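Two independent chains are provided; combine them into the complex using the hints.
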Amino acid sequence: MAETKSALVKVAGLARYFDVSLPWLNRVLDGQPRQILRAVDGIDFEINKGETLALVGESGCGKSTVARMVVGLYRPSMGSIVFDGVDMAGLGGRAEMAPIRRRLQMIFQDPYASLNPRWRVGAIVSEPIRAFKLIDDEAAIQERVGQLLRQVGLSPVDGHKYPHEFSGGQRQRISIARALSSQPEFLVCDEPTSALDVSVQAQILNLMKDLQRRLGLTYLFISHNLAVVRHIADRVGVMYLGRLAEIGPKQTVFALPRHPYTRMLLDTIPDLDMTGRQRTPVAGEVPNPINPPTGCAFHPRCPFANDRCKTERPEPKPNDTGSITACHAVEEGRLPAGPLTAAA
Amino acid sequence: MPIWHNLKDLVRRFLDSDVFYSFKRSPTVVIAFALTMVFIVAAVLAPLIVPHNTYDVAKLNLMDAFLPPAWVDGGKFSYLLGTDDQGRDVFSTIILGARVSLLVGFASVALALTMGVALGLIAGYVGGVTDAVIMRVADVKLSFPAILIVLLIDGIARGLLPRDLHDKAAVYVIVMAIGFSTWIQYARTVRGLTLVEKNKEYVQAARVIGLHPILIMFRHVLPNVMGPVLVIATLGLGIAVLTESTLSFLGVGVPPTQPSLGTLIRIGNNFLFSGEWWMAIFPGLFLVILVLSVNLLGDWLRDALNPKLR
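As given, the protein sequences belong to chains E and U, one line each in that order. For the record, in the first sequence the residue sitting at position 208 is 208 according to the numbering used here, with numbers rising by one throughout. For the record, in the second sequence the residue sitting at position 30 is 30 according to the numbering used here, with numbers rising by one throughout.
For reference, chain U alone in the conformation it holds in the complex (with noise of 0.2 Å):
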């Protein structure tokens, strides 16, 4: 009952709030929400809404390799957005090439973000050589590019796991190395956000009843910082599924049998001269699509939770 309560209040409160009202007001965002919405949805349900099973190889015919789309002449109606170089249907493999781009972005940015945010607050709070010593990692981390610190992790993996444990293991391995190349963003923005808090005086009334520190930073400042971090992963977002696409277009990303979006843009980026343009271009857009949905909703999230701009 108390938990229905709270919800309904939840609810309530968020019909309420300007950010609500803010989002009702613009176009461009319920519409960018609903096609973020639609892409992840398919991404979930992928095995169940999929014409055709890409990663049974036993299904391929590679008969119907290089089919162009329904609409061009030669497309069967079957393969919506025509077949790649070994039959597979490309609306299929973009359905799901989608839902591992999704899953590395999603993943990677909840490690970047839990360790940032640990990080971050340990930092701010208790301040002193732990401070210095996280934030000077973290500048020596942020003179790399993010996609050089990427290669190396990838590569190291790759070194360290024998060669049958590579495909397996290359999703996890990118989830890490986006993971561990993004998380300083989040650390510097709660470091600062946690240094103005924890002069506020609720937090030294917690003090002086003597709460532990570990408590004071998690159940006191952290619901406090949290409204900037949300803007921060969710153009983080955006930016993990782009980076793991370059990875992939790269090739040292997720394997072949179980192409991403990247992937599939690499694959189709072989045949774009030969004619074949639609492997390519379909991924493409729908990458460009979903990485502007995502990217607009963050925009919008920074500049409604940003009290200076209402």
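One chain only, chain E, in its complex shape (with noise of 0.2 Å):
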């Protein structure tokens, strides 16, 4: 673990709009301009090898987006994505992303859907193998699939089966032994635990937790469950609508939130330290990404909005705490440092 501060993935002022609007002649006839959805608005953020990082926030905050963008799924409309000094918008053709592809692979919020409901496991867990041809010998194929349905804690014979013969998290499993099939050095989770029951989610957690320490794995991790970021992250994003509103590491994030969202965040996971205590509701909800808010895209939500956040749109900026926040309030020192009181 001597070189863990290098970092693998490098993204910079990356963006997304999709355009969301009617078809030609409607908007013509209607007389109505073309609609823009900024699903990804400017983000930065690094991942050093062998750590994750958890993107957190409220649906439609565009985490699902980033994590599209990063394996390729994608086209970023602006910014770069650097894996191992390697841009990869500079990367034209299927050719060319193939090496890279093959070092970074991706875990799927559905395991229902997430597997091919025609294809026996074995297939689908080679795929990847056959696909990049890392391996020729067919027999030596299978004994690769047997590894590594044993990794995941299945079985060899597993690879005869078809996926509707398992549950929920056995998918899961096997979706990880096919992302793990092409030896990524990083993987693209996306909510990989949602669809989960609360104990299978521990299992697959604490799975992946160990693959990351044997295999040296390097994660981005896409959730809403903040118990289950505590559990996993090193570092942790908060993103509000497109932009990240807080980044640092998790001790920080969790036990010194900045940014009024991350607080308001936080004040939401139970606790059984304070049952019965008055909390902050999650007021108001997520504006509409299309018609976002001018300035700081938090501030028809937050507390401590003043003018300058209105008309302003805040730059991250580093705390002294070791995270970084994009905060008018936070910057100005208008913000006690400890946890938002229920008064707010």
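One or more hints might be untrue.
Unchecked claim - Partner residues aside, some chain E positions facing chain U, computed with beta carbon under 10 Å: (1) Met97; (2) Ala98; (3) Leu104; (4) Ser114; (5) Phe132; (6) Pro163; (7) Ser167.
Claimed, not checked - A partial selection of chain U residues facing chain E, derived with a Cβ cut-off under 7 Å: (8) Arg13; (9) Ser17; (10) Ile40; (11) Lys200; (12) Glu201; (13) Tyr202; (14) Ala205; (15) Val208; (16) Gly210; (17) Ile216; (18) Pro223.
Simulated from the structure, these hints should not be mistaken for lab results. Small disclaimer: the values here were computed from a predicted structure and weren't measured. For each residue, glycine too, the CB sits at the ideal point set by N, CA and C.
In structure tokens:
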């Protein structure tokens, strides 16, 4: 673990806009302008080798879009994704992408949709091996599939079965085996446990942590579940409406949250110590990203917003605690460092 | 060994499946299936089982023309269902005619299915302009009645081909004509299903590893959209056989020297009012039973494969 401090993935100014306008004819007839949905609107982060960065946020804040851009399912509208020194936007064809694609894989949210129901598990797990032509010999492929299945806690004979013969947790294990089959260094996990029972969630998370330790994997972990994030992450990024509100080491973000949105989120975690205590409910709803608020996107819901927040977009600034926060109130020292009280 | 293992496994899975269970449970479907199989086997083995080779002009005897069925006064036992105006055995012409009808049916369904599935997959998966172009062509195509398209293609082919090739090419022209006028159904169904499947995560997983779109379409999406396509194909077989018979009845189908069921009905129709009813009735009856059986099978398959009705 000597080289843990070198960044494997660097994301700078990443943005993705979707054109959600009506068809051209309807737009002209109704006299409506183009409508652009800013799913991700300029975010920066780095992930060091062997580390887990978790992105959290409410539904529709753009965290899944970030995951999809990082694995190359969407092309960024702006910004760059640099993987181990190679800018992925600069790679044109599939042939150029292949060496990078082998090194990054994805684990999906829905274990019932992420495995082709017509394929045997063995074929599903070996697909990346065959696609990247990692092993030529058929017997060696079968051997490797058995080894991968054992690695995720299944039996090699499970390779002959179909996905519908497995439970949700087992399917997610198959999904992980498939992702590991090309021996990747970087795994993007898009809410891998949100479709599972709580008891199974823990098993999958422990498996993922165990694999990270043994294989030196780097994770980008997308989740809306703060308890899961607290369990698995090294660093945490809090997203709001396509932007990063706050990013920093897990301990700092959970113990000393600076951004008002982070505080609001953390205040919603159920906790035995706080049973019966008066809480600040999460007020308001996420605004429409087609027509986001001016200035700081969080200002309509923020108890500390002033005129500057309404007009000027806050830039991410490092704090003395080691995290990075995009908030005028924090920057100006208008906020106390302690937890957000119910009075707010 | 692995192939044999797969086959055994496939049979075992089929015998265990809901589809086979619902098949066993319905006597109508079992009968329809048995009848269809009898027709298909008879059509395939026709040259071996017909009592008279009606294609061989030298063996025809005009003295035997207009004989009634065997059980009617004046009928001969060797001509079970009677003979037509040229002394051809009606039973033999029906079996040989069914062979032509089924051949045209299967071939045109295969053509429509291949075209429709390929275009539907591409339209649904690629989307955008490609999708718009393919589906607008299909819409325009759909605004003409199928029979009109078939007549058009048949007419063009007749105009282009030299006269002595007409009869030889007739079967292929009919297959093309029916195929080109029925692919839209397949394309629309497959496109709709592809739009659903392509957003599922197993397709995304294949895209993450950079699999070529063609491979994703045929290896991942296609097997998951084939269920409904099989239903349409089964129902389409009945329709294709009927369309071919309609064309042959109208005289633009296959030539009278190698008559299909439709041709036989047309010939028989000329003599219906002069009392030789068997020449039109028996081919007609056969056609009805064949198409009914196929349609019953198709209907059952649609219900059996529809999870909402289980």
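Hints, verified against the model:
1. This hint holds: methionine 97(E) has a C-beta 6 Å from the nearest C-beta of chain U, less than the 10 Å allowed.
2. The interface hint given for alanine 98(E) holds, since its Cβ lies 6 Å from the closest Cβ of chain U, which is under the 10 Å cut-off.
3. Hint on leucine 104(E) holds. Least Cβ distance to chain U is approximately 8 Å, under the 10 Å limit.
4. At about 4 Å, the closest approach between the beta carbon of serine 114(E) and any beta carbon in chain U falls short of 10 Å, and the interface hint on this residue holds.
5. Proximity of phenylalanine 132(E) to chain U holds as hinted, the smallest CB-CB distance being about 7 Å (cut-off 10 Å).
6. The criterion of a C-beta within 10 Å of any C-beta in chain U is met by proline 163(E), whose closest approach is roughly 9 Å, and the hint holds.
7. Taken as an interface hint, serine 167(E) does not check out: its beta carbon lies about 17 Å from the nearest beta carbon of chain U, beyond 10 Å.
8. Annotation: arginine 13(U) was flagged as interfacial toward chain E, and the flag is violated, the nearest CB pair being 9 Å apart, outside 7 Å.
9. For the restraint placing serine 17(U) at the interface with chain E, the shortest Cβ-Cβ distance is roughly 12 Å, beyond the 7 Å limit, so the hint is violated.
10. Because the smallest distance between the Cβ of isoleucine 40(U) and any Cβ of chain E comes to about 28 Å, over 7 Å, the interface hint for this residue is violated.
11. The beta carbon of lysine 200(U) comes within 5 Å of a beta carbon in chain E, closer than 7 Å, and the hint placing it at the interface holds.
12. Evaluation of the glutamate 201(U) hint against chain E yields a held restraint, the C-beta minimum of about 4 Å falling below 7 Å.
13. Given hint, tyrosine 202(U) at the interface with chain E, holds; its Cβ is 4 Å from that chain's nearest Cβ, closer than 7 Å.
14. Contact between alanine 205(U) and chain E, as hinted, is supported at the beta carbon level, the nearest pair being about 6 Å apart and thus within 7 Å.
15. Checking valine 208(U) against chain E by beta carbon gives a least distance of about 5 Å; that is within 7 Å, so the hint holds.
16. Using the Cβ-Cβ criterion of 7 Å, the hint placing glycine 210(U) at the interface with chain E is satisfied: the shortest such distance is roughly 4 Å.
17. Of the supplied interface hints, the one on isoleucine 216(U) is violated, with its beta-carbon coming no nearer than about 10 Å to a beta-carbon of chain E, more than 7 Å.
18. Hint status for proline 223(U) relative to chain E: holds, with the closest Cβ pair at about 4 Å, below 7 Å.
Consistency note: the structure conflicts with the earlier hints numbered 7, 8, 9, 10, 17.
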